[in-house]
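Residue-level listing of the chains:
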Amino acid sequence: GAVVSQHPSWVICKSGTSVKIECRSLDFQATTMFWYRQFPKQSLMLMATSNEGSKATYEQGVEKDKFLINHASLTLSTLTVTSAHPEDSSFYICSARDLGKTQYFGPGTRLLVL
Amino acid sequence: AQKITQTQPGMFVQEKEAVTLDCTYDTSDPSYGLFWYKQPSSGEMIFLIYQGSYDQQNATEGRYSLNFQKARKSANLVISASQLGDSAMYFCAMREAIGSGGSNYKLTFGKGTLLTVNP
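Chains A and B supply the protein sequences, listed in that same order.
Last residue of the first sequence: 114 (the working numbering), numbering continuous.
Last residue of the second sequence: 119 (the working numbering), numbering continuous.
What the hints contain is simulated information worked out from the structure, not anything from laboratory work.
It is possible that part of the hints are untrue.
Here are the simulated SDA-like cross-link-like pairs (lysine to any residue), alpha carbons at most 25 Å apart as the crow flies [as the list claims (entries may be wrong)]:
1. 106(B) with 113(A)
2. 41(A) with 11(B)
3. 41(A) with 56(B)
4. 41(A) with 70(B)
5. 73(B) with 55(B)
6. 101(A) with 18(B)
7. 101(A) with 59(B)
8. 3(B) with 98(B)
9. 41(A) with 88(B)
10. 106(B) with 12(A)
11. 3(B) with 96(B)
12. 70(B) with 40(B)
13. 41(A) with 99(A)
14. 70(B) with 57(B)
15. 3(B) with 40(B)
16. 101(A) with 82(B)
17. 70(B) with 118(B)
18. 101(A) with 47(B)
19. 3(B) with 47(B)
20. 73(B) with 41(B)
21. 101(A) with 56(B)
22. 3(B) with 82(B)
23. 106(B) with 82(B)
24. 106(B) with 17(A)
From the structure, some residues in chain A lie toward chain B, with a derived Cβ separation under 8 Å [said to hold, decoys possible]:
25. 3
26. 49
27. 58
28. 86
29. 89
30. 91
31. 93
32. 99
33. 101
34. 103
35. 108
The model shown is predicted, which means the values in this text are computed figures rather than measured ones.
Glycine included, every Cβ here is placed at the ideal spot set by N, Cα and C.
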């Protein structure tokens, strides 16, 4: 089946630094990619939807200047958490949709901001 | 308003028995899809089963079956012959079209049910 990878799987950073998370579709072209955030013992919350070559659409309450999303190619999307703070510590999961309607999830990235 | 409701924060089941995880949904769109995902402690989201709103028969995938009752807007997951490895969080999700044109979709997740299988 289709595979979506995320890198890094774990990241620990100091408060105020920026962190970039990569999401790649390994064997299919992803016209749309989604970024989710999951706090401990909670559900996945959609942060933004990005279509290749266009600006991301952010969900209500998500700061687009803080969570920069770039979807430069059909196989790569990046999420940059700018000036990260401890409250940004979370599990970030990307998902990629192929030309049909099937959505595949990456393994997630755990971010800890000290 | 919550679109996906999972009323069971936690469920326990004995190994080899069947268990039903509840999910109700709310949408006015006639075309939608319902998914169940398993999330073990590692965090990965594992796709289990899918039911389309126009599907006439309930979906089945191995030990997983989806009890789809459209009029009641429910899509319960039934796991038969539970195994210890089934212990995990289970999320119900609904795919809906967003915007016009019908080409963009998003998944909305319920709060999840933590299933524990006892030996």
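Taking the hints in turn, this is what the structure says about them:
For the proposed pair residue 106(B) and residue 113(A), the alpha carbon gap of about 29 Å is over 25 Å, so the pair is violated. Between residue 41(A) and residue 11(B), the direct Cα distance comes to roughly 15 Å. Compliance with the 25 Å bound is thereby established for this hinted pair. Between residue 41(A) and residue 56(B) the CA atoms are separated by roughly 34 Å; this puts the pair beyond 25 Å, and the hint is violated. Note on residue 41(A) and residue 70(B): the hinted pairing is violated, with a Cα-Cα distance of about 29 Å set against a maximum of 25 Å.
For the suggested pair residue 73(B) and residue 55(B), the alpha carbons sit about 14 Å apart, so the restraint of at most 25 Å is met. Pair hint residue 101(A) plus residue 18(B) does not hold up; C-alpha atoms about 30 Å apart against a cutoff of 25 Å. Taking the CA atoms of residue 101(A) and residue 59(B), the gap is near 17 Å; set against the 25 Å cutoff, the hint holds. Under the criterion of a C-alpha separation no larger than 25 Å, the hint pairing residue 3(B) with residue 98(B) is consistent with the structure, at around 14 Å.
Restraint check for residue 41(A) and residue 88(B): the C-alpha separation of about 11 Å stays at or below 25 Å, so the hint holds. Pair hint residue 106(B) plus residue 12(A) does not hold up; C-alpha atoms about 30 Å apart against a cutoff of 25 Å. Simply put, residue 3(B) and residue 96(B) have alpha-carbon atoms about 10 Å apart, close enough for the 25 Å limit, and the pair holds. Annotation: proposed proximity of residue 70(B) to residue 40(B) is violated, straight-line Cα distance about 29 Å (limit 25 Å).
Between residue 41(A) and residue 99(A) the alpha-carbon distance is near 32 Å, which puts this suggested pair outside the 25 Å criterion. For the hint linking residue 70(B) to residue 57(B), the alpha-carbon distance of about 11 Å falls within 25 Å, and the restraint holds. Under the criterion of a C-alpha separation no larger than 25 Å, the hint pairing residue 3(B) with residue 40(B) is consistent with the structure, at around 24 Å. For a cut-off of 25 Å, the pair hint linking residue 101(A) to residue 82(B) is broken: about 30 Å separates their Cα positions.
The hinted pair formed by residue 70(B) and residue 118(B) fails the criterion: a straight-line CA distance of about 32 Å is larger than 25 Å. For the suggested pair residue 101(A) and residue 47(B), the alpha carbons sit about 14 Å apart, so the restraint of at most 25 Å is met. About 20 Å separates the Cα atoms of residue 3(B) and residue 47(B), which keeps this hinted pair within 25 Å; it holds. Between residue 73(B) and residue 41(B) the alpha-carbon distance is near 29 Å, which puts this suggested pair outside the 25 Å criterion.
Restraint check for residue 101(A) and residue 56(B): satisfied, since their Cα atoms lie roughly 19 Å apart, inside the 25 Å limit. The suggested pairing of residue 3(B) with residue 82(B) is violated, with an alpha-carbon distance near 28 Å, which exceeds 25 Å. The suggested pairing of residue 106(B) with residue 82(B) is violated, with an alpha-carbon distance near 31 Å, which exceeds 25 Å. Annotation: proposed proximity of residue 106(B) to residue 17(A) is violated, straight-line Cα distance about 30 Å (limit 25 Å).
Hint status for residue 3(A) relative to chain B: violated, with the closest Cβ pair at about 11 Å, above 8 Å. Using the Cβ-Cβ criterion of 8 Å, the hint placing residue 49(A) at the interface with chain B is satisfied: the shortest such distance is roughly 6 Å. Using the Cβ-Cβ criterion of 8 Å, the hint placing residue 58(A) at the interface with chain B is not satisfied: the shortest such distance is roughly 12 Å. Taking 8 Å as the C-beta cut-off, the interface hint given for residue 86(A) is violated, the closest approach to chain B being about 20 Å.
Taken as an interface hint, residue 89(A) does not check out: its beta carbon lies about 14 Å from the nearest beta carbon of chain B, beyond 8 Å. Taking 8 Å as the C-beta contact cut-off toward chain B, the hint placing residue 91(A) at the interface holds, the least distance being around 6 Å. Against a cut-off of 8 Å between C-beta atoms, the interface hint on residue 93(A) holds, since the closest Cβ of chain B lies about 7 Å away. Because the closest C-beta pair between residue 99(A) and chain B is about 10 Å apart, greater than 8 Å, the hint is violated.
The criterion of a C-beta within 8 Å of any C-beta in chain B is met by residue 101(A), whose closest approach is roughly 6 Å, and the hint holds. Annotation: residue 103(A) was flagged as interfacial toward chain B, and the flag holds, the nearest CB pair being 6 Å apart, inside 8 Å. Taken as an interface hint, residue 108(A) checks out: its beta carbon lies about 4 Å from the nearest beta carbon of chain B, inside 8 Å.
Hint violations for this structure: numbers 1, 3, 4, 6, 10, 12, 13, 16, 17, 20, 22, 23, 24, 25, 27, 28, 29 and 32, all remaining hints satisfied.
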